[in-house]
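Asker: Put chain B on the given structure of chain A with help from the hints.
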Amino acid sequence: MLDIISLGIVPFLVIIIVIHGYLKNVDIYDAFTEGALEGLKTAFKIIPNLIAIFIAIGVFRGSKALDILIDSVSPITKIIRFPEEILPLVLIRPLSGSGALGVVRDIISHYGPDSLPGITASVLMGSSETIFYTMALYFGSVGVKDHGHTLRAALLSYIISVFIVVFISRYLLFNI
Amino acid sequence: MINTIWFLLVFIGILYGALTGNLGDINNIIIDQATEGVTFGISLMGVMAFWLGIMNIAEKSGLIRAISKVFRPLVRFIFPEVPANHPAERWMLMNFIANMFGVGNGATAFGLKAIRELDSLNAHKGRATNAMAMFLIINMSSLQLVPLTVIKLRHDYGSKAPTDIIGITLLATTLSTIVAIIIGKMFERRRKC
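Protein chains in written order, with the numbering used here: chain A, 1 to 176; chain B, 1001 to 1193.
Isolated chain A (complex conformation) (with noise of 0.2 Å):
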């Protein structure tokens, strides 16, 4: 059922677009390569950012300097007896979304994929967004250098809903 909902968003939405401009008399030839030359346009601007965010995030991520980060953290989280076998994704889960879906990984491979911790990485995975290439890549692409409150915002969202995301996995699905 989900693989043909994921398999047929695509051609149902072009379909139906294309469908509803040939009816409206659009020169929807014309109009298509009008678009897609802004796309073209658009991803090759976007390329610098990417390299500065790819490197960036790599020797970081290459250094294992994530490491001491986690080892820093982790006195606080036993204090609040936050699940720490969790705590290695939720610090790398702002940072680098390819990054964090190995630790989703190693997590699974490892606890299991049925068992708490591989729960709630798995929605942790699933109802969060990279932060740091999210704010690079937009904000980098109409030259924003002042981003306001934009980052406080985030990060502070970011960590309730990990907090969410930890107390609906422990009490809704493993106590039903």
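Calculated from the structure, these hints are not laboratory results. There may be inaccurate statements among the hints.
Unchecked claim - Listed next, the in silico DSS-like pairs over lysine-lysine satisfying Cα-Cα at most 27 Å (straight line):
id : chain 1 : residue 1 : chain 2 : residue 2
1  : A       : Lys45     : B       : Lys1069
2  : B       : Lys1069   : A       : Lys24
3  : A       : Lys64     : A       : Lys78
4  : A       : Lys145    : A       : Lys41
5  : B       : Lys1185   : B       : Lys1069
6  : A       : Lys145    : B       : Lys1125
Answerer: Below, chain B without anything else, positioned relative to chain A:
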């Protein structure tokens, strides 16, 4: 802000790599990731061209306008600074919808257009407006309804019920987005004072 984060990532990474004797790895990572950035950018070009091409048809045929009319009250509430019927409104909506259905590349294409349209309303270029901040805060809270990558991963690692997480993920995503909007609004108000 990005300056500081970027600096810290590069500085700590290289310093720690040097201290632990991994400078060789760091060298390779820099070269690999630079190439990867270009490769990823080029791979985005095709998909983004496709999505903006298709959406340009939907824009000209009036389909996007019709959809944005439905969601207008919600957009008005979250982004009061954006004038009704402004292109920013439509592209933000397209970005949200693409995000919800997990069409990641399409979402990026629409999102980049949306932020450019939002920037055209920006009186102080170089500084993020409330609307730009809110748009990114919502994006960074995750909107995807069904986390297909995670489900596939769970399936590959022998989960008995890989899709069991859909319900709670949906709940978590909804709550995290609501939290994001509330917190974004709180910071907006504090900034005005």
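Asker: Hints broken by the structure, by number, lowest first?
Answerer: 1
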